[in-house]
Amino acid sequence: MRSTERKDNLDSIIGVDVGGTHTDLVLLDPTGGRIVPIKVPTTRHNLTVGILDGLDQLLDSVNEVNVSRMTLGTTAGTNAVIERRGAKTALITTEGFGDLLHIGRQQRPRLYDFFVDKTRPLLRRRDVFEVGERVLYDGTVVQEPEEEELSRLAEKLRAGGYESVAVCLLHSYAFDDHERRILKRLSEALPGVEFSLSSDVAPEIREYERCNTTVADAFIKPLLRRHFDELEAALRARRIPELFIMQSSGGLMKAQEARRSVVSTLNSGPAGGVAGGAYLAEHAGISDLITLDMGGTSADIAIVRDGRPAIRNEFELDPVPGAHHYLATGLPIKAPSVDVNPIGAGGGSIAWLDEGEILKVGPESAGSTPGPACYGRGGTRPTVTDAHAVLGRLGAERPLGGYLKLEPELAYEAIREHLAGPLGTSVEEVAQGIISVVNSNMVVGMRLASVYRGFDPRDFTLAAFGGAGALHAIELARELGMRRVLIPPHPGAVSALGLLAADVKHLSGRTLIKTVTPDTIGEIDRAYAALEKETLKLMRGHGLEADRVKLVRTAEARYVGQGYELPIWVDSFLGSAAAEDVVEAFHTVHEKQYGYRRPSERIEIVNLRLEAVGPMPKPSVPVLEGECTQDASAAVLGSRDLIVAGTCWTAEVYDRSRLKTGNRVQGPAVIEDLTSTVYLPPETEATVDALGNLLGWVGPERGGME
Amino acid sequence: MKDAVLMEVMGNALRAAAEEMGVALVRAAYSTNIRDRKDCSCAVFDAKGNMIGQAEHIPAHLGSMAAAVKAVLQKHPREEVRPGDAFAYNDPFTPGGSHLPDIALVAPVFVDGELAFWAVNRAHHSDVGGMVPGSTSARAEEIYQEGLRIPIVRIQREGRIDDDLLELICLNVRTPEERRGDLLAQFAANNVGSQRLRQLANKYGLRTVQEYASALIDHTEKRVRAHLRELPEGSYEGEDFLEWEGAKSGLINIKVRAEIRDGTFLADFAGTHPQVLAPFNIPIDNVKTAVYYVVKGITDWQLPFNEGVFRPISVTAPAGSIVNPVAPAATGMSTSEAPNRIVDALLKALAPVVPDRVTAASCSTRNTIIVGGHDRRSRRSFIYYETYGGGQGARPNKDGMDAVPSHLGNTANAPTEMTEAHYPLWVRRYSIVRDSEGSGRFRGGLGVLREVEVLEGAEGLTLSTLCDRRKLRPYGLFGGKPGALGHDFLERDGKKQQIPGKTVMPLRAGDRHRIESPGGGGYGDPLTRDPHRVLEDVLEGWVNPQRADQVYGVVLRRVGSTYQVDEEATRRRRSSSATQTEEMA
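If you read the sequences in order, they're chains A and B.
Whatever position you read off the first sequence (first residue = 1), add 146 for our numbering.
Whatever position you read off the second sequence (first residue = 1), add 2 for our numbering.
Be careful, since some hints might not be right.
As the list claims (entries may be wrong) - In the DSSO-like style, the derived pairs of lysine-lysine whose C-alpha atoms are separated by at most 30 Å in a straight line are:
1. K498(B) with K264(A)
2. K250(B) with K72(B)
3. K72(B) with K4(B)
4. K330(A) with K264(A)
5. K234(A) with K205(B)
6. K506(A) with K4(B)
7. K683(A) with K660(A)
8. K250(B) with K498(B)
9. K205(B) with K50(B)
10. K506(A) with K224(B)
11. K506(A) with K50(B)
12. K696(A) with K679(A)
13. K506(A) with K205(B)
14. K806(A) with K679(A)
15. K473(B) with K250(B)
16. K330(A) with K683(A)
17. K224(B) with K250(B)
18. K264(A) with K473(B)
19. K4(B) with K257(B)
20. K400(A) with K660(A)
21. K806(A) with K696(A)
What the hints assert, rightly or not - Just the calculated beta-carbon pair ranges, DEER-fashion:
22. T666(A) with E461(B): 21 to 31 Å
23. Q402(A) with K497(B): 27 to 37 Å
24. L282(A) with K497(B): 15 to 25 Å
25. T318(B) with T734(A): 32 to 42 Å
26. G562(B) with K330(A): 40 to 50 Å
27. L282(A) with E461(B): 52 to 62 Å
The set of hints was computed from the structure by calculation and includes no laboratory data.
C-beta: ideal position from N, C-alpha, C; glycine also.
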């Protein structure tokens, strides 16, 4: 292999993706032009142990290399929140509003379930302390915090043994003076205690969401700081100078910076996958894609447009399962995040019969223990993976991931006993049915997620990865009317690869509610300039001078009196922009989105947002060497019986690692590698591009969407 | 027998068609009420008007959706319906009617020239004319005061929207541009549904889709009947009350007899109060909404909504009663207060039969507060509209949820900071109402308190409130005590006075309005509550330590800054309380 482009930087870099059960590490060595993946078990009691174990194995397996940085994507924060394993945290809030977390948005998570409960708040009520103070919406101070009360409060916090303190006062997104005074007073009195101010963490209007975000930050801060510190020390000992952390937005931040606002690292696992998919697709010349990351228990989908993953400014942690997507029921986190939509379908999803008449798949999952029946670990209920085993898409010849040998007869038995027997049909027919049903669930989820965001899936390429994504991708694309499927090399390691490819990114925002007029435009511009100044300082800390940083100003605005906001690009704010330009920009966006404009209405800015991107030295994607030939026969491992729609086909089984650029594989076929399997149905074909991607071409639609 | 796989795939596709209609409607709508509050519903029907798939939005439209197509077919037989037609109506006295702001749009779907399906949606329009902005007034006595009445009209004929009709509607409302936009969004939604249904027919063949849609209905019906057969047969009565000054006793009773027999469920409202000169009357199809909600809740919350749910359930009510009013009754509140009271009456009837599946009475009022006036700061007129949750009734195995909307409502609250940004108001306090729970082995949920002060610069203000459970507490079950009443206060010039729950009165700057919503009823004897749960409530501050002793018989010992349960003293205290209770009985 060789590299597509030579960069000045020839040091290796390492990406580490810490998942719930496995930690994936990837080393990219530009001189050798190779990607080395490794997988180790996640050590949940102390994540550092597992990461270092994997790191040492990885470094041992390659010859002397200089590693310039390691990038970490982790679910450590998310898990600590979901399992309520954070620090002993207190919240300080405005008098009269101490029950804020408990009331939340007040909705019931399920409409018809008398027995459902709201998601439990992160803190107990007795860890919330009210302070006499109040600022009104327009900045009028009606009550100052009193020194004496703060002293008493400091005493209480000390006595309570709190490790971290969140402070969230009303209207502090615009007027942070009281929060800062409380911080100053208390941090003097309570050395060693970590503080999170809502005016730092999420300076945006809507107190419950801001407060919960601040509390989550304080809750995981001590834990993550320790984790980052340990890792940095261990890296120094291995002469790796820098640790970067993946944020939920898909951008990198130095660990030193990430320590300040740890809430931005929540959800960074899925973000790595999307970033990796986008990066690989971009190199393949594809800029609009829907990514499908399907593993054992769930599938995540995300939309990438013009090479940029769609971002949302708020997401929910720990939502109530089965809650309708319109309801606010989880713990809201106001932090920019790659817009990832979970669909409750994975290889471990269990198939069952509803009243003997309807075949259902999921939401219950066999997970990794006991796992699907064919894993031979004691699972007896039939799963999606078992259906693949029966149909021949997953084979028993080569162990999955190099260590797990499937036992298709156990899959056969599970389906016979629970489904085929009661239905009086053949096991093969039911196995096909399980796939049809799970695909149908996923098609609905993918379609709704796209149309809800205003996109038509037919305009996109489907990028499939994760352990199970490539088994379903071609059939899903066909159902959705998508013409092309991209399956990157090492589909099981795309998340870790995304960590190597990401740029330094900082998204910031603040609420500034202002009607846009020639009189206010200057103030709006100054507010952006202040955000930019802060951001550029932060970027300099990453060795990125202003001329290398790309800044994009956006805003959320609305017609005065409207209850909802619309995101607009406001490059027109730059320099001495005229208010009319901004107003016109909003009218145009509004018309495009909703089909009408209200020329007589005034425009009101609500939130300012700033995106700063600092390009990092990129790993060049290794390209495959060798002749361009269509003939893939050199990669054939053997053949296997595949059952498709009741017919048995003898299909070729290919070794993915032996496929060369230009090779063409006709379905029906199965293409295997260590971490995943690609299934090509009849009437489809896939070609290998110069980067080792498989590009699946979906044949004529079968009654897909109009 | 039908193919088990195709059953699921088809069920998915039909539900997805309805969900996608919902996406189209919400995205294309102009008004906040539809776009943000999602006050709308979408469904697909078979040719005869049986619902075959519904999107889950808000429960309040269920019963009226179910009847929509059949209402149209009653007026326009199939032969008269042409491809590209669509029908609109909002009249409460047409089958499927509820209140005037809800406009239904019903469109036939033709496949190869054959009327094969229907796509239907219903949306709450934020104004349809009438005596007040927003159309719904607590003072309305007859429907003519509540806005424009639209009978079933053919608003689209063979693909062409009838502009004259649109103009007629828009001329009668306060926000014509918004109405037009919302109506066009309703057309767009039906187009999406129609497209998806035709694709399904292309893919599988029309007959196959129709057969499977019927099979899915039969399957659901079978499930509902099987669930109902598990319940003891018999006839069970319950009653609950709405509060209204205009009634002789100050109360409007809702009396219901639930009859469960051979897998069917009948709700008979004989004995319920006659219709009133107030907007509490509920058209019978909307009464069905409450009944369906209860049956789903006590059997299986995951039951799909289609005709199969409706078939085993019937509702009867005397004509001219508030649960089956005749024109020209006012029905403005027919989707809010009364259906929740029907739910609580039904749960009370069913409690002795299915004690493990019901809840005690919930807050069950929306606690609607409207402040209208002019804001000198922004030079705009404004209408501040907010509804508050309260305590959920306690459950057989756990406490009721605190601070949630009850039963058929489920809207989110408005953030305090947003409220203060939009209106000349200062929210002084937003909290849980301590000690408002109906005590019990499992306690009812706690109510919510909000105190709002009017700022200088606001003028010409009117406060309208529509709150219930101000006289009769939400009942408890099996020894559980009732939840606390709701309370409303007005503080002016330093003097605080209690005001009625339903009122219309002028406000001025400096006034403070305070609402405390009701708590949920308790379940089981409070003396049997786990003392550690009582301790937890005390430590969280929800329950006062004195009440722990007096109500729950739990003796707490102060240890430093915290409390512990004195197990021995609690045992003694509880056994003597139990003896006292027996003596009294």
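message: Between the alpha carbons of K330(A) and K683(A), is the straight-line distance 30 Å or under?
response: 23 Å, holds
message: Taking 21 to 31 Å as the stated bounds, is the beta-carbon spacing between T666(A) and E461(B) within them?
response: This hint holds: roughly 26 Å between Cβ atoms.
Pair hint K250(B) and K72(B), alpha-carbon separation not exceeding 30 Å: 38 Å, violated
- prompt: Using the C-beta atoms of G562(B) and K330(A), is the stated range 40 to 50 Å upheld?
  reply: Violated: the Cβ-Cβ distance is about 30 Å, outside 40 to 50 Å.
query: Between K683(A) and K660(A), is the straight-line Cα distance small enough, at 30 Å or below?
result: Holds: K683(A) and K660(A) sit about 27 Å apart, inside 30 Å.
message: Hint check: K250(B) vs K498(B), CA-CA at most 30 Å. Holds or violated?
response: 29 Å, holds
message: Please verify whether K506(A) and K224(B) have alpha carbons no more than 30 Å apart.
response: Since the Cα atoms of K506(A) and K224(B) sit roughly 17 Å apart, the hinted pair holds (cutoff 30 Å).
query: Straight-line Cα separation of K506(A) and K50(B) no greater than 30 Å?
result: Measuring from Cα to Cα gives roughly 28 Å; hence the hint holds.
message: Holds or violated: K330(A) and K264(A), Cα atoms, limit 30 Å.
response: 35 Å, violated
task: Take a quick look at whether K806(A) and K696(A) sit within 30 Å of each other, Cα to Cα.
output: 38 Å, violated
message: Run the distance test for K696(A) versus K679(A): straight-line Cα separation, threshold 30 Å.
response: Status holds; Cα separation ~13 Å.
message: Next pair to validate is K224(B) with K250(B); report whether the Cα-Cα distance is within 30 Å.
response: Roughly 45 Å between the alpha carbons, so the hint for K224(B) and K250(B) is violated.
Comparing the model with each earlier hint shows violations of hints 1, 2, 4, 5, 14, 17, 19, 20, 21, 23, 25, 26 and 27; every other hint is respected.
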